[in-house]
Amino acid sequence: MQHSAAAQQLTPEGWLPPPPLPHHYDDHVSHANAVRFGMWLFLGTEVLLFAGIFTGYFTFRAYFPEAFDQAARHLSIVLGTLNTFLLLTSSLTVALAHHNAERGKNRNAFWLLAVSVMMGGGFLVIKGFEYHEKFVEHALPGKFFNFSEITAPGGPVFYVVYFFATGLHALHVIVGMSLLTWVAVRAWRKEFSPTYYAPVENAGLYWHLVDLVWIFLYPLLYLV
Amino acid sequence: MNELLRQMLFLPEQASTFALDVDHLHYFVILVTTFASVAVGLVAIAFFWKYRQRRPNQATPMVNPTAGFEVAVITIPLAIFLLWFFIGFRDFVKLASPPPDAMDVYVMGKQWMWKFAYPEGPSSVGVLHVPANRPVRLLITSRDVIHSVFIPAFRVKQDAQPGRYTETWFTATIPGRYQLLCTEYCGAQHSKMWGEVVVMAPEAFDEWIKEQQRGLVTRQDVLADEDQVNPQGDLAEMGKRVAVEQGCLRCHSVNDAVYGTEQHIGPTWVDLYQRPTKLDNGTEIIADEAYLTESMMDPNAKIVAGYTAVMPSYQGKLSGPETAAVVEYIKSLRSDRVRQASVKGPLYEPVR
Amino acid sequence: MSQSASPAQVATAPAGAQPEFPKKHYLNDGTTIRSWLLTVDHKRIAIMYLVGTTLGLLLGGIFAMVIRLELLTPGPTIIEALTYNRMFTLHGLVMIFLFMIPAIPGVFGNFFLPIMLGAKDVAFPKWNLTSYYVYLAGASLMLWGLITGGADTGWTFYTPYSTTTTTNIAPVMLGVFVIGFSSILTGLNFIVTIHTLRAPGVTWFKMPLFVWAIYGTSIIQVLATPVIGLTTLLVAAEHTFGFGFFDPARGGDPILFQHLFWFYSHPAVYIMVLPAMGVISEAICAFSRKNIFGYQMIAMSSLGIAFVGFFAWGHHLFTSGQSAFDAGAFAAISMLVGVFTAIKVFNWVGTLYKGAITFTAPFAYICGFLFFLVFGGMTGVALATVSLDVHWQDTYFVVAHFHFIMVGAVIMGFLTALHYWFPKMFGRKYPENWALLAAGLIVLGFNATFIPQFLLGNAGMPRRYYEYPERFTALNVASTAGASLLAFGFIIIAIYLAIALFNGEVAGRNPWGSRGYEWDTPSPPPTENFDHPVDHTRIPHDYTDTEDVATVSHAT
Numbered sequence: 013m014q015h016s017a018a019a020q021q022l023t024p025e026g027w028l029p030p031p032p033l034p035h036h037y038d039d040h041v042s043h044a045n046a047v048r049f050g051m052w053l054f055l056g057t058e059v060l061l062f063a064g065i066f067t068g069y070f071t072f073r074a075y076f077p078e079a080f081d082q083a084a085r086h087l088s089i090v091l092g093t094l095n096t097f098l099l100l101t102s103s104l105t106v107a108l109a110h111h112n113a114e115r116g117k118n119r120n121a122f123w124l125l126a127v128s129v130m131m132g133g134g135f136l137v138i139k140g141f142e143y144h145e146k147f148v149e150h151a152l153p154g155k156f157f158n159f160s161e162i163t164a165p166g167g168p169v170f171y172v173v174y175f176f177a178t179g180l181h182a183l184h185v186i187v188g189m190s191l192l193t194w195v196a197v198r199a200w201r202k203e204f205s206p207t208y209y210a211p212v213e214n215a216g217l218y219w220h221l222v223d224l225v226w227i228f229l230y231p232l233l234y235l236v
Numbered sequence: 026m027n028e029l030l031r032q033m034l035f036l037p038e039q040a041s042t043f044a045l046d047v048d049h050l051h052y053f054v055i056l057v058t059t060f061a062s063v064a065v066g067l068v069a070i071a072f073f074w075k076y077r078q079r080r081p082n083q084a085t086p087m088v089n090p091t092a093g094f095e096v097a098v099i100t101i102p103l104a105i106f107l108l109w110f111f112i113g114f115r116d117f118v119k120l121a122s123p124p125p126d127a128m129d130v131y132v133m134g135k136q137w138m139w140k141f142a143y144p145e146g147p148s149s150v151g152v153l154h155v156p157a158n159r160p161v162r163l164l165i166t167s168r169d170v171i172h173s174v175f176i177p178a179f180r181v182k183q184d185a186q187p188g189r190y191t192e193t194w195f196t197a198t199i200p201g202r203y204q205l206l207c208t209e210y211c212g213a214q215h216s217k218m219w220g221e222v223v224v225m226a227p228e229a230f231d232e233w234i235k236e237q238q239r240g241l242v243t244r245q246d247v248l249a250d251e252d253q254v255n256p257q258g259d260l261a262e263m264g265k266r267v268a269v270e271q272g273c274l275r276c277h278s279v280n281d282a283v284y285g286t287e288q289h290i291g292p293t294w295v296d297l298y299q300r301p302t303k304l305d306n307g308t309e310i311i312a313d314e315a316y317l318t319e320s321m322m323d324p325n326a327k328i329v330a331g332y333t334a335v336m337p338s339y340q341g342k343l344s345g346p347e348t349a350a351v352v353e354y355i356k357s358l359r360s361d362r363v364r365q366a367s368v369k370g371p372l373y374e375p376v377r
Numbered sequence: 023m024s025q026s027a028s029p030a031q032v033a034t035a036p037a038g039a040q041p042e043f044p045k046k047h048y049l050n051d052g053t054t055i056r057s058w059l060l061t062v063d064h065k066r067i068a069i070m071y072l073v074g075t076t077l078g079l080l081l082g083g084i085f086a087m088v089i090r091l092e093l094l095t096p097g098p099t100i101i102e103a104l105t106y107n108r109m110f111t112l113h114g115l116v117m118i119f120l121f122m123i124p125a126i127p128g129v130f131g132n133f134f135l136p137i138m139l140g141a142k143d144v145a146f147p148k149w150n151l152t153s154y155y156v157y158l159a160g161a162s163l164m165l166w167g168l169i170t171g172g173a174d175t176g177w178t179f180y181t182p183y184s185t186t187t188t189t190n191i192a193p194v195m196l197g198v199f200v201i202g203f204s205s206i207l208t209g210l211n212f213i214v215t216i217h218t219l220r221a222p223g224v225t226w227f228k229m230p231l232f233v234w235a236i237y238g239t240s241i242i243q244v245l246a247t248p249v250i251g252l253t254t255l256l257v258a259a260e261h262t263f264g265f266g267f268f269d270p271a272r273g274g275d276p277i278l279f280q281h282l283f284w285f286y287s288h289p290a291v292y293i294m295v296l297p298a299m300g301v302i303s304e305a306i307c308a309f310s311r312k313n314i315f316g317y318q319m320i321a322m323s324s325l326g327i328a329f330v331g332f333f334a335w336g337h338h339l340f341t342s343g344q345s346a347f348d349a350g351a352f353a354a355i356s357m358l359v360g361v362f363t364a365i366k367v368f369n370w371v372g373t374l375y376k377g378a379i380t381f382t383a384p385f386a387y388i389c390g391f392l393f394f395l396v397f398g399g400m401t402g403v404a405l406a407t408v409s410l411d412v413h414w415q416d417t418y419f420v421v422a423h424f425h426f427i428m429v430g431a432v433i434m435g436f437l438t439a440l441h442y443w444f445p446k447m448f449g450r451k452y453p454e455n456w457a458l459l460a461a462g463l464i465v466l467g468f469n470a471t472f473i474p475q476f477l478l479g480n481a482g483m484p485r486r487y488y489e490y491p492e493r494f495t496a497l498n499v500a501s502t503a504g505a506s507l508l509a510f511g512f513i514i515i516a517i518y519l520a521i522a523l524f525n526g527e528v529a530g531r532n533p534w535g536s537r538g539y540e541w542d543t544p545s546p547p548p549t550e551n552f553d554h555p556v557d558h559t560r561i562p563h564d565y566t567d568t569e570d571v572a573t574v575s576h577a578t
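Protein chains in written order, with the working numbering: chain D, 13 to 236; chain W, 26 to 377; chain C, 23 to 578.
Bound conformation, chain D alone (with noise of 0.2 Å):
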C-alpha cells in the first residue's frame, strides 16, 4: 500500500495521490473507515490488557490501605504531573496533526508529529529518573523490596503494581512513539491528502489510548 515519493510527483495541491486500493475494497472512504474501525477493535483489547493490571491494583489497595498510601506519598507529585502535561499536550498536538494531514497540509502534520514524539521521548526521560530513584532507594518490587520508608505491610506489592503498570504503560509510549516517527516521516514525504490521512487517524488513536491510560494510572499511584 505503500508508495515511494520518488515514483510518484506531486499533485497540484501538493501532495502525492493517494495509493492505490487494495483489490477487496470498493473506494478509499470505505477502507479508511475499516481501518479505522479495526484500530477502535485493537484499542479495546488494549483496554482490557492494562483492566487486568487495575484489578490488580483495586485488589491491593483494600488489601493494604496504609502501605499504598505511604508508598504513594513517596512518589514526585511534580514529576508525575509534568508527565501527565506532557502526555496531554501531545494528545493535543497529535490531534492537530490529524487535521492537517486531513486537509493535506503535510508540512505542519510533520512538524506536529516531531513535536509529539519529542514529548513522549521527555516523559520517557523523566520516567528514567523516578525509576532510577526507586532503585536507589531499594523501593522495588518482591523480594528486592528493602524500602524502610514504607512500614505498613503491603510495600512490596505497590511496587510490582507500581512498576508493571507504568513499565507496561512506557512499552506503550515507545510502541506509540514509533507509530508516530513513521507516519512522520510519510508527512515528510507529503503522502497525506484529504483522500488518504487514515495512518494519521490511528495512530494518533494510539497515542490518545496511551495518553488516557496514563490519566487513569496518575491519580491512581500518586494523588490518592
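Heads up, a few of these hints could be off.
[As the list claims (entries may be wrong)] One-sided and incomplete, this derived list gives chain C residues near chain D with beta-carbon spacing under 8 Å: (1) D143; (2) A145; (3) I213; (4) T253; (5) F267.
[What the hints assert, rightly or not] Only pairs whose alpha carbons sit at most 16 Å apart, straight line, appear in this in silico EDC-like list of lysine to aspartate or glutamate: (6) K142(C) x D39(D); (7) K142(C) x D38(D); (8) K119(W) x D348(C).
Note that these hints are calculated values from the structure, not bench results.
Note that this is a predicted model, so its numbers are computed, not measured.
Note that beta-carbon positions come from the ideal geometry of N, C-alpha and C, so glycine has one too.
On the provided structure of chain D, position chains W and C as indicated by the hints.
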C-alpha cells in the same frame, strides 16, 4: 432406590448428612438429563426416518418456529435449570454455614501430607478422627501451594490456600474409615497426598480424645487398608524405622518401661521434645526441632551435661525427609507424666 | 436458482456430465514456496492453518495416549511422576492453544468468511498472514519451553505452585502470550470484515449462520485474550524475579490469579465451541436440504453466549473459598448460558422436520455433535449447580464434561466442517464408506473413553493423578481402551483424506447440492473467490425451489 442409583452411578457411600442431600439432587439432575437427551434423540431418529431424502434435488418447505415455540424452548429449560440452581444453592449455603456448636479441627496441607490438629491438643499426620453425628468444622490452610481437602464419602471439598484459612464442615453419620484426597494439583506427589478420616461412635471418640490428651505414646493406627494411606504420610512411623535402621536406639531409649530412667549412652528420647535441657557449658536450651536436627547433623555443637561426645554425625547419611521423620518420631514419644504447660491453640477466624 | 449464472456455465456442464476440475484455482495460482509463504490469499492462509493445527492435534493426541497408557495401572506404568505431570500440562496447553482455539476460525473461518459474505478477501490480508506467523512463533516458543525442562503445572498453571516450581515456566508463558496475539488479530480481522465487506444484498440477517458464530467468537477473542496475556506476563515475571503478586508470603493473593485466569479461560471455551456450532448450523441445513429452523434465534443466541459467557467465570472457584453470594451469582449466570445452547439444540432438531435427509459422514458427525453437546452441556449445568460441584470439582467428572464439549462437540464440528467442505476446498470427494466407518469408530471410541470418566469422577477420583487408589482401576482401563479406538478412528481419517487429496473423485462445483452461499463458486475456488457475479438476494439454505429449475452445474 437410592442404593440402586448410587451404585449405578459409582457414587461412594453416603457417610454424611450432606451426602444424602447432594445425591438426591444428583439423581434429579441426571434423570432429567437422561430423559431429555433420550427424548431429543428419539425425536431426531424419528425425523431421520420420516424425512429421509426420497428424490434427487428434493425441495423442502420453508419452516420457521412460532413465537410460542421459541418462548417454550427458552422458558422450560430455564425453569428447570433455575430449579436446580435453587436447590443446589440452598444446599451450598448450608455447607458454607457451619453450626456454632461444631467441633473445630485445624487442617494443614503441605507438600505432600496432611496434618490435623485439635484445639485441645492432639495432632496427627494423615489420620483424622471425628465423632459421628456431631458437626465438625475443618479450618484449612496450606503451608506452601494450594491443596484441596476432598472426602468423597462425605461429598465435601474445600481448597487449602496458603496465607489464609478456609472452612467447611460436615456431620458424619456412619462410623468407619474414609479416604481423604488432595484435589488441587500440587506437584510431584500430588497423587499420593492421601489421608484417612476415621469416624468413631461419639462415646468412642470422647474416650479417644481423652486418651490423646493424657499424652500416651501416640498409637500408630494400624490401618485396615494399606492402600488408603500414603506410607510416606505417616512421618513418625517412618522416623521409627529410620531410627532402628540407623542404629539410634543403641544409645537412645524410647521406652521408659523397659529401660527405666537410668542414664544411657545418649539422652533418652522419651519426653525429649520441648524439654528444657542443660548443656555442658552451663547454658539451657529447649529441645525443639532445630536442636534435634542440629544434633543429628552436628552432634558436637551442643553436648548435654553429663554425657560424652561420642555421637557420630548423620549428615549425608540421612536425607532431609528422613531427618524430619526422626524428629517427628521423637515428638511422638510422650510418657504418662503430666504435661508441664497447657498448650493453647491459636484463635483463627477463617476468611469467608 | 442463481439467475445470474452466465449461459456459458450452463452450457459447459449439462446435466449428467462428469464434473471438471477447474484449470486455475487458488491452489495452483503460483506454485513457488515464496508464493505460499508470502501469500495474502485468505484461502492459502487457511490451508497453512490447517497444516499447523493438524500438527497440534496430532501432538496433543500423542500426549493424551501417553497419559491414558500410564493410567492403565494404579501405580507407575510407563513413565515417572514428573514426566506424567509434564505430559498432562503439554496435552492441555497444546490442544487448547495450538488446536482448539485457532482451528475452526483459522481454517474454516479464514477460508469461508469472505466467500460467504461475497467478499474477495478479509479486511486486512497482511495482518491475516501475520497472525499465522505469530501463531507459529508462539507455538514454537511454547513447545521449546515445554520440551527443555518444561512446565509441570497443568494448563491452568495455578499460583503459587506455578510461580515456585523449579520447572521452566517463562518461555511457556511467553509462548502463550504471543499466541494470544494471533488470536486477537484473527478476531479483529473477522469483525471488521463482517462489518465492512458484506456484498450488496447480504444484510445482517441474511448472513450465513457460520458467519454469526464467527462474529460471536471474534468478539470474545478480542475482548478476553488480553487478560490472559497480562496474566501470563505476571506469572512469568513472578516466577523469574520473585515479584510476589500472587504469593501470600509477599502479600500477594493466589485467588486473584484464579479470577484473572478464568476471566479469559471461561470465555475461551466459547471461542472453541461457537465456531463448531456455526459449522453445524450450515451442515445440518445442507444435509437435510432445509432452511434453518429459527434463524434469528440461533444468530442471537451466538451473541448471547458470547456476552453472558463473560460473566460466568466464578463457577471455577466454587471450592476456592469465595463467598456464598459470589458462588450463587456466578451459578445463576452460568445457567443462562445453558439456556442459549438449549435454544440452538431444539432449533437444530427442528430443522430436520420436513427436511430431506441424507445420512452421510458429515451427518453422522452432526448426530454425534448433538448427542455430545446435549449430554456435555447438561453436565455443565449440573456442575454449575453449586452443591453438586463441591463433590465434582477437580475430579474426573469435570474432565469428562469438558472433553464431551471439546472433543465431543468441537472436534465433531471440526470433522463435520472438514468433510462437508473438503470438496469445496480441494475439488475432490473423499471415500464415503471409509468416512462412515471412521465416524462410527470415533463416536463409539469417544463414548468408551469419556463415559467411564464421568463415573470415575462420581467415585471420587481427582484429576491430575499419576497414581490412584486401586478401586479406580477398572474404569481407567475402560477409558484407555476407548481412547485407543478413538485414536484409530483419527488415523483412518488422516489416511483417507490424504489419499483423497490427490486421488479423490472430482467433486464439481456443488456435490452436496447445498444452498449455502459458498457453493456458488467453483471447487476449488479461484484466487479472487468468484468466477461470476453472484446473486445474494436469496437467503442461504433456501431449498424451496430446487426441483422446479432446470438442472444447472450447481446441482451436480
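Structure-based check of all given hints:
At its closest, the beta carbon of D143(C) sits 4 Å from a beta carbon of chain D; the interface hint therefore holds under the 8 Å criterion. Among the interface hints, the one on A145(C) holds; its C-beta lies about 5 Å from the nearest C-beta in chain D, closer than the 8 Å criterion. The criterion of a C-beta within 8 Å of any C-beta in chain D is met by I213(C), whose closest approach is roughly 6 Å, and the hint holds. Because the smallest distance between the Cβ of T253(C) and any Cβ of chain D comes to about 7 Å, under 8 Å, the interface hint for this residue holds.
For F267(C), the interface hint holds, since its Cβ comes within 8 Å of a Cβ in chain D; the closest pair sits about 5 Å apart. Only pairs whose Cα atoms come within 16 Å are accepted, and K142(C) paired with D39(D) is accepted, the gap being roughly 14 Å. About 11 Å separates the Cα atoms of K142(C) and D38(D), which keeps this hinted pair within 16 Å; it holds. This hinted pair checks out: K119(W) and D348(C) have alpha carbons roughly 15 Å apart, not beyond 16 Å.
The structure shown violates none of the earlier numbered hints.
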